[in-house]
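Participant: Each chain, written out:
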Amino acid sequence: MTKAEEAGRTTDPYETWRQLYDANERAWSAALEQAMGSPEFGESSGRLLETMLAAQKSARVNMRTYLESMNVPTREDIARLGELVVGIEEKIDQVADRLDAIEDAVRAEPAEPSRPAKPAKPRTPAKPRTRAMPSR
Amino acid sequence: MTTTPSPMWPDPATLWSSNDRALEMARAVLGSVDAPVGLTPKELVWRKNKARLYRYVRSEPATHRTPIFLVLPLINRAYILDLRPGASFVEFLLSEGFDVFLIDWGTPGDEDRAMDVTTLVTRYLPRAAKAIQNATGTDQMTVLGYCIGGTLATCFAALHPEVTRNLVLLTAPLDFSDAGQFGRMTARDIFPIERLTDTFPTVPGQLPDIGTKLLNPMASYVGTYVNLWKRLDDPNFDVQGWQAMYRWVNDSVPFAGAAFRQWIVEFYQENRLARDMLEMDGRPVRLANIRCPVLNVAASRDPIAPRATTSIVTERVGSTDSSEILIEGGHVGIVVGRSASQNLWPRVGAWLSEHD
Chain S
123 MTKAEEAGRT
133 TDPYETWRQL
143 YDANERAWSA
153 ALEQAMGSPE
163 FGESSGRLLE
173 TMLAAQKSAR
183 VNMRTYLESM
193 NVPTREDIAR
203 LGELVVGIEE
213 KIDQVADRLD
223 AIEDAVRAEP
233 AEPSRPAKPA
243 KPRTPAKPRT
253 RAMPSR
Chain Z
34 MTTTPSPMWP
44 DPATLWSSND
54 RALEMARAVL
64 GSVDAPVGLT
74 PKELVWRKNK
84 ARLYRYVRSE
94 PATHRTPIFL
104 VLPLINRAYI
114 LDLRPGASFV
124 EFLLSEGFDV
134 FLIDWGTPGD
144 EDRAMDVTTL
154 VTRYLPRAAK
164 AIQNATGTDQ
174 MTVLGYCIGG
184 TLATCFAALH
194 PEVTRNLVLL
204 TAPLDFSDAG
214 QFGRMTARDI
224 FPIERLTDTF
234 PTVPGQLPDI
244 GTKLLNPMAS
254 YVGTYVNLWK
264 RLDDPNFDVQ
274 GWQAMYRWVN
284 DSVPFAGAAF
294 RQWIVEFYQE
304 NRLARDMLEM
314 DGRPVRLANI
324 RCPVLNVAAS
334 RDPIAPRATT
344 SIVTERVGST
354 DSSEILIEGG
364 HVGIVVGRSA
374 SQNLWPRVGA
384 WLSEHD
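Those protein sequences? They're chains S and Z, same order as listed. Counting from 123, one number per residue, gives the positions in the first sequence under this note's numbering. Counting from 34, one number per residue, gives the positions in the second sequence under this note's numbering.
These are calculated hints, taken from the structure and not from any lab test. Fair warning: there could be bad hints in the mix.
List time: in silico DMTMM-like cross-link candidates among lysine to aspartate or glutamate, alpha-carbon distance up to 25 Å [unchecked claim]:
#1 Z:K246 x S:E198
#2 Z:K81 x Z:E129
#3 Z:K83 x S:E198
#4 Z:K83 x S:E162
#5 S:K213 x Z:E312
#6 Z:K163 x S:E162
#7 S:K213 x Z:E227
#8 Z:K163 x S:E198
#9 S:K213 x Z:D314
#10 Z:K81 x S:E162
#11 Z:K246 x Z:E227
#12 Z:K81 x Z:E195
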């Protein structure tokens, strides 16, 4: 008896499961793909998702109301804090970008030709400063 | 006296052997969460919010002057391109003498609900590219994107042609006029995108994951385990390799709400990129602006990014040097696995060397 024949006679549930899959996989796949490719499936899955989202939203709102009544920060509160941090990081990045641009512009500027030094002005003695006295 | 086994009851020896195999299978599946992945040494070069830019460590200096910037998809973990030693695209690129950088988008939280695709393309990618320029001292780089990462890389290349020396796309969807099953699932009149992003600040990773698995439900939900069952008997079967892949497939990442909304509405439903209607930060994103050499890789059996969604790039870019490689295989199989390492990687490596 060949191995295949031997396997065909087995009553081992695991092996039976494998054989069942091997024998039917193509047909099942084709049927499922056809079903899922249909507009009806698309519409139905859209409605299912919408219902699931409605339930999820309701659960989220209830949880938020409960946490607020317990004076406990909600997920949204913590997310808001996180958003502030992300916003600050973005502003720092923008400042860094500007500094980079200035640095690039300075580097790209051609070096000025050296000009002859101007004769130094004779220094005049500083005038004594007069300070307005507060009137009494 | 000998007893003949009842046809209704299995032989105990066979049953126990099968039980052992079932336990082994359970161990393989359950142990996959700890499968070692992404082991190639790397160093952090730049970070912003959850995103991290890594540079892979080279033991010797790179022999090619153009660094490679890997842009990964938003809904999967970045380690797919560095799955495990011997099955790592990153490892291959390093061995070919390239300087490799990778952006890992990380895991968005509720605070990232307003982060959209535009933000990623205009605020993250240019700064990561600048970090690469600073790290390497070169002005230009090869931008290589996989899946959605390829779409982001294309938008980046269109907005920053001065930085992009080459553009390489691995199964990157760009034209959604015939997006297959995904396109039908996300059609405007049936997919409740507003309600979805209104309910979830970040769309749970399981949702796009279910969508992907429904493209081939038998193979995804049953075939994976049947194949594991069959192969456990094979002494050459690499359980760790299977576990690494299984871990990646099931390790989905949440999608920031605004990014998911923009992805579905502007890309899938309105097909703005292919119709030359996409704008990011007030700037038009046009494929014709891409004038660098382009290599597009498509997979013959890819229901996630069917060939019709990817091929547009070679026809519409402004480059005179654009080519396509069509690989036999699926969406993931072309970047990891034996066919990838023996067929695709050497061809991509050769193309990159020619365009260095």
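Participant: Does each hint hold? Answer for all of them.
Facilitator: Tested hints:
Proximity of K246 (chain Z) to E198 (chain S) is assessed by CA-CA distance (about 31 Å); at most 25 Å being required, the pair is judged violated. The straight-line distance between the Cα atoms of K81 (chain Z) and E129 (chain Z) is roughly 30 Å, outside the 25 Å bound, and the hint therefore fails. A threshold of 25 Å between alpha carbons decides the hint, and for K83 (chain Z) with E198 (chain S) the separation of about 19 Å falls inside it, so the pair holds. Restraint check: the Cα-Cα separation between K83 (chain Z) and E162 (chain S) comes to about 39 Å, which exceeds 25 Å; the hinted pair is violated.
With a CA separation close to 23 Å, the supplied pair K213 (chain S) and E312 (chain Z) stays within the 25 Å bound. For the hint linking K163 (chain Z) to E162 (chain S), the alpha-carbon distance of about 49 Å lies beyond 25 Å, and the restraint is violated. Annotation: proposed proximity of K213 (chain S) to E227 (chain Z) is violated, straight-line Cα distance about 29 Å (limit 25 Å). With a CA separation close to 34 Å, the supplied pair K163 (chain Z) and E198 (chain S) exceeds the 25 Å bound.
Between K213 (chain S) and D314 (chain Z) the CA atoms are separated by roughly 16 Å; this keeps the pair inside 25 Å, and the hint holds. Our distance criterion of 25 Å between C-alpha atoms is broken by K81 (chain Z) and E162 (chain S), whose separation comes to about 43 Å. Under the criterion of a C-alpha separation no larger than 25 Å, the hint pairing K246 (chain Z) with E227 (chain Z) is consistent with the structure, at around 23 Å. About 23 Å separates the Cα atoms of K81 (chain Z) and E195 (chain Z), which keeps this hinted pair within 25 Å; it holds.
When the structure is compared with the earlier hints, violations turn up for hints 1, 2, 4, 6, 7, 8, 10 and for no others.
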